[in-house]
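J.: We have chain R already, so just place chain X on it with the hints.
Here's the letter readout for the chains.
There are 2 protein chains.
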Amino acid sequence: MVRGRISGLSVRDVRFPTSLGGHGSDAMHTDPDYSAAYVVLETDAGDGLKGYGITFTLGKGTEVVVCAVNALAHHVLHKDLKDIVGDFRAFYRQLTSDGQLRWPLWKLLVDMDPRTLLSCIDFRYITDVLTEEEAFEILQKGQVGKKEREEQMLVQGYPAYTTSCAWLGYSDDTLKQLCTEALKDGWTRFKVKVGADLQDDIRRCRLIRNTIGPEKTLMMDANQRWDVPEAVEWMSKLAEFKPLWIEEPTSPDDILGHAAISKALVPLGIGVATGEQCHNRVIFKQLLQAKALQFLQIDSCRLGSVNENLSVLLMAKKFEIPVCPHAGGVGLCELVQHLIIFDFISVSASLTNRMCEYVDHLHEHFKYPVVIEKASYMPPKDAGYSTEMKEDSVKKHQYPDGEVWKKLLAARGN
Amino acid sequence: MVRGRISGLSVRDVRFPTSLGGHGSDAMHTDPDYSAAYVVLETDAGDGLKGYGITFTLGKGTEVVVCAVNALAHHVLHKDLKDIVGDFRAFYRQLTSDGQLRWPLWKLLVDMDPRTLLSCIDFRYITDVLTEEEAFEILQKGQVGKKEREEQMLVQGYPAYTTSCAWLGYSDDTLKQLCTEALKDGWTRFKVKVGADLQDDIRRCRLIRNTIGPEKTLMMDANQRWDVPEAVEWMSKLAEFKPLWIEEPTSPDDILGHAAISKALVPLGIGVATGEQCHNRVIFKQLLQAKALQFLQIDSCRLGSVNENLSVLLMAKKFEIPVCPHAGGVGLCELVQHLIIFDFISVSASLTNRMCEYVDHLHEHFKYPVVIEKASYMPPKDAGYSTEMKEDSVKKHQYPDGEVWKKLLAARGN
Numbered sequence: 001m002v003r004g005r006i007s008g009l010s011v012r013d014v015r016f017p018t019s020l021g022g023h024g025s026d027a028m029h030t031d032p033d034y035s036a037a038y039v040v041l042e043t044d045a046g047d048g049l050k051g052y053g054i055t056f057t058l059g060k061g062t063e064v065v066v067c068a069v070n071a072l073a074h075h076v077l078h079k080d081l082k083d084i085v086g087d088f089r090a091f092y093r094q095l096t097s098d099g100q101l102r103w104p105l106w107k108l109l110v111d112m113d114p115r116t117l118l119s120c121i122d123f124r125y126i127t128d129v130l131t132e133e134e135a136f137e138i139l140q141k142g143q144v145g146k147k148e149r150e151e152q153m154l155v156q157g158y159p160a161y162t163t164s165c166a167w168l169g170y171s172d173d174t175l176k177q178l179c180t181e182a183l184k185d186g187w188t189r190f191k192v193k194v195g196a197d198l199q200d201d202i203r204r205c206r207l208i209r210n211t212i213g214p215e216k217t218l219m220m221d222a223n224q225r226w227d228v229p230e231a232v233e234w235m236s237k238l239a240e241f242k243p244l245w246i247e248e249p250t251s252p253d254d255i256l257g258h259a260a261i262s263k264a265l266v267p268l269g270i271g272v273a274t275g276e277q278c279h280n281r282v283i284f285k286q287l288l289q290a291k292a293l294q295f296l297q298i299d300s301c302r303l304g305s306v307n308e309n310l311s312v313l314l315m316a317k318k319f320e321i322p323v324c325p326h327a328g329g330v331g332l333c334e335l336v337q338h339l340i341i342f343d344f345i346s347v348s349a350s351l352t353n354r355m356c357e358y359v360d361h362l363h364e365h366f367k368y369p370v371v372i373e374k375a376s377y378m379p380p381k382d383a384g385y386s387t388e389m390k391e392d393s394v395k396k397h398q399y400p401d402g403e404v405w406k407k408l409l410a411a412r413g414n
Numbered sequence: 415m416v417r418g419r420i421s422g423l424s425v426r427d428v429r430f431p432t433s434l435g436g437h438g439s440d441a442m443h444t445d446p447d448y449s450a451a452y453v454v455l456e457t458d459a460g461d462g463l464k465g466y467g468i469t470f471t472l473g474k475g476t477e478v479v480v481c482a483v484n485a486l487a488h489h490v491l492h493k494d495l496k497d498i499v500g501d502f503r504a505f506y507r508q509l510t511s512d513g514q515l516r517w518p519l520w521k522l523l524v525d526m527d528p529r530t531l532l533s534c535i536d537f538r539y540i541t542d543v544l545t546e547e548e549a550f551e552i553l554q555k556g557q558v559g560k561k562e563r564e565e566q567m568l569v570q571g572y573p574a575y576t577t578s579c580a581w582l583g584y585s586d587d588t589l590k591q592l593c594t595e596a597l598k599d600g601w602t603r604f605k606v607k608v609g610a611d612l613q614d615d616i617r618r619c620r621l622i623r624n625t626i627g628p629e630k631t632l633m634m635d636a637n638q639r640w641d642v643p644e645a646v647e648w649m650s651k652l653a654e655f656k657p658l659w660i661e662e663p664t665s666p667d668d669i670l671g672h673a674a675i676s677k678a679l680v681p682l683g684i685g686v687a688t689g690e691q692c693h694n695r696v697i698f699k700q701l702l703q704a705k706a707l708q709f710l711q712i713d714s715c716r717l718g719s720v721n722e723n724l725s726v727l728l729m730a731k732k733f734e735i736p737v738c739p740h741a742g743g744v745g746l747c748e749l750v751q752h753l754i755i756f757d758f759i760s761v762s763a764s765l766t767n768r769m770c771e772y773v774d775h776l777h778e779h780f781k782y783p784v785v786i787e788k789a790s791y792m793p794p795k796d797a798g799y800s801t802e803m804k805e806d807s808v809k810k811h812q813y814p815d816g817e818v819w820k821k822l823l824a825a826r827g828n
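First to last, the sequence lines map onto chains R and X.
FYI, the numbering for the first sequence is 1 to 414, going by this note's numbering.
FYI, the numbering for the second sequence is 415 to 828, going by this note's numbering.
There may be inaccurate statements among the hints.
List time: in silico DSSO-like cross-link candidates among lysine-lysine, alpha-carbon distance up to 30 Å [said to hold, decoys possible]:
{"hint": "1", "chain 1": "R", "residue 1": "Lys-263", "chain 2": "X", "residue 2": "Lys-820"}
{"hint": "2", "chain 1": "X", "residue 1": "Lys-474", "chain 2": "R", "residue 2": "Lys-60"}
{"hint": "3", "chain 1": "R", "residue 1": "Lys-79", "chain 2": "X", "residue 2": "Lys-820"}
{"hint": "4", "chain 1": "X", "residue 1": "Lys-474", "chain 2": "R", "residue 2": "Lys-263"}
{"hint": "5", "chain 1": "R", "residue 1": "Lys-291", "chain 2": "X", "residue 2": "Lys-474"}
{"hint": "6", "chain 1": "R", "residue 1": "Lys-318", "chain 2": "X", "residue 2": "Lys-705"}
{"hint": "7", "chain 1": "R", "residue 1": "Lys-79", "chain 2": "X", "residue 2": "Lys-821"}
{"hint": "8", "chain 1": "X", "residue 1": "Lys-474", "chain 2": "R", "residue 2": "Lys-50"}
{"hint": "9", "chain 1": "X", "residue 1": "Lys-521", "chain 2": "X", "residue 2": "Lys-781"}
{"hint": "10", "chain 1": "X", "residue 1": "Lys-677", "chain 2": "R", "residue 2": "Lys-318"}
Anything over 10 Å on all C-beta distances counts as not near chain X; from chain R, calculated [as the list claims (entries may be wrong)]:
{"hint": "11", "residue": "Gly-61"}
{"hint": "12", "residue": "Met-112"}
{"hint": "13", "residue": "Tyr-125"}
{"hint": "14", "residue": "Glu-181"}
{"hint": "15", "residue": "Asp-227"}
{"hint": "16", "residue": "Lys-237"}
{"hint": "17", "residue": "Asp-253"}
Think of the hints as simulated: they come from the structure by calculation, not from any bench.
Yeah, the Cβ is synthetic: ideal placement off N, Cα and C, and Gly gets one too.
Next up, chain R with everything else stripped away, as it sits in the complex (with noise of 0.2 Å):
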């Protein structure tokens, strides 16, 4: 059982200078910093436990994302753990953000009981078309097969694909080698940002689909740059390069604009993913109620708190569609990884068209990275959310005093 009392919180501004790279850059984001507001929790129990949490940013402004840390930690300082654990969706219906409990979380949540895992979640807003006893249902029948599927993921992982070959900054030449050496490593699923400019487009598309061969998965990713007719048409030109989905092909809003992309691209045999900007529930229940798309992106930072993320996974269950995680910027693979071995251990039960995002990218700056083996997500067996910083990274890039930033600043100034 969980003992103590939460007597401290402090938030930090840690940047990434990742636009001098070009790393992350895409049609809209074109000199992205990755970036945390970096949480970390202390408690008076006696063996000195403590609680870490990200939120991924892309650098300006993560100083407004550390101020609303601190408005909103009078929710969780001195608060008892026994009462948080007690009633969670008391608790969670207190928060916007939310904190995660016990070690590590995959297995946290495969192990709660169906019951107490419901009362995680808050389900105002979608009893339209998932009640909680629906959702009992689903959980119930996950328990068929569930400790197989454990033994599975334990030894084989969940499979992953790149999107580290094809940034939009990369040139021709590095495209090529970063696809031959992921070949190599054993990636069979690829990701190429597109959007900013069709020739372009598809001299990229080409020389990547040659590259990696026709039996790999390509996937394609707009980030949002398109009105909806100009999607059509775009992708229209894209199709002969035979991407298994688009991603973002619009504002992430408009989940009537990707019905109707997704209805039209049918015929040419791609799908729609989005969901990596949606903030809540009721935008996920509105893309599945309407059908507008085929694979469903969860984000661990976005979509707020691990239990939105659960309200989410049940709905794709029932509307069955696969749910394939966004992931990348800073420590949003090492916390996804959680939710999507969960997601197949105990709701989903299925790897068909099912794969999670990975990025080879700052994992070196987490005290417990990811693990990847032969292109799969090895379930992490340490505490946590795999959250956790090595203070040494902290130092160094906390914004603007660490090292790191004061050099570059100084530079900038001079």
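T.: Showing chain X alone in chain R's frame:
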């Protein structure tokens, strides 16, 4: 022509302890302290030109907005006003929020030629329902009779309804007394808060309907309290009191849910009103596409910027849905009157089923408060967007060091 550069920006946290009187309470917000992040821009123009802006909040978290303003300050600081005015759209795309120029705003918009006005709008993501050319046609049609409508506004004002009589926290006696007084003052349209308790709602709605009589207009507001099926069921029980609309029946993000509720309430003669929480034009686009609302409620602060509101007014015109702005809070009446007066003169050209919310509250803190005559908003003639607060009010309510808060916080400490 505008001259000068933006030479300084200050932002302050100003809070009014409205929760002490139960003002503003509804089914979801039981104790709001109406507050604002208050921004003052200074210029180096010879005439001492200044700019003012606020964003309304419910108290807690205003410091986060203050922090966000500071994060965006670099977009405006040291900018030449000519460069901003010279390419509004480019400037707008840099910002989440917006600066408003020249004075008063409604008159500036009314006098802008259609092409210049359109150049303020970002059509990305809405061309599937409204192209720039269609918008141009709407504005061209709006030129006919414009002079007469401006004259009409200056003489008669824009029709208002009152929300001040029936907050959820008011006693029956207070309700009755306030409705009676409002009738004497010439009010003919009333809104009542519902959604916390059905029997309570029935009693209060009966009391109000009996007090105002069968001919006056009654609206109901649930402030997002219900799930979709619950909303339909609940409103079928309140239909006998003949509400014109039910406002925010469920999650503000639930476009398809609002469409389902709208459809179900048609036989009862009740419309659905929503929009005060909609954060961008893409959400409004879908609400219109899905026939999810019969009354569209823009909010001058929530829907970031004047520019974004312009695109929504034009889409509403295309779909022939009346715009009935949300107001109240701190300064929302002062701001949104500009938008709806512009809408009448240049876009909708109609008052049918149209009215602007009014709450009799906190206007005394503004340098140019709204003027209500015979239950109508009289067009402001003073400079700007009517946002400037009295310096003394700001000083007293600055959080946490203003005299009002110093006293309150000290008292709570005891």
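J.: Each hint: holds or not?
T.: Results for each hint:
no. : hint                     : verdict
1   : R:Lys-263 with X:Lys-820 : violated, 59 Å
2   : X:Lys-474 with R:Lys-60  : holds, 23 Å
3   : R:Lys-79 with X:Lys-820  : holds, 27 Å
4   : X:Lys-474 with R:Lys-263 : violated, 44 Å
5   : R:Lys-291 with X:Lys-474 : violated, 38 Å
6   : R:Lys-318 with X:Lys-705 : holds, 26 Å
7   : R:Lys-79 with X:Lys-821  : holds, 28 Å
8   : X:Lys-474 with R:Lys-50  : holds, 27 Å
9   : X:Lys-521 with X:Lys-781 : holds, 19 Å
10  : X:Lys-677 with R:Lys-318 : holds, 25 Å
11  : Gly-61                   : violated, 5 Å
12  : Met-112                  : holds, 25 Å
13  : Tyr-125                  : violated, 4 Å
14  : Glu-181                  : holds, 37 Å
15  : Asp-227                  : violated, 5 Å
16  : Lys-237                  : holds, 19 Å
17  : Asp-253                  : violated, 4 Å
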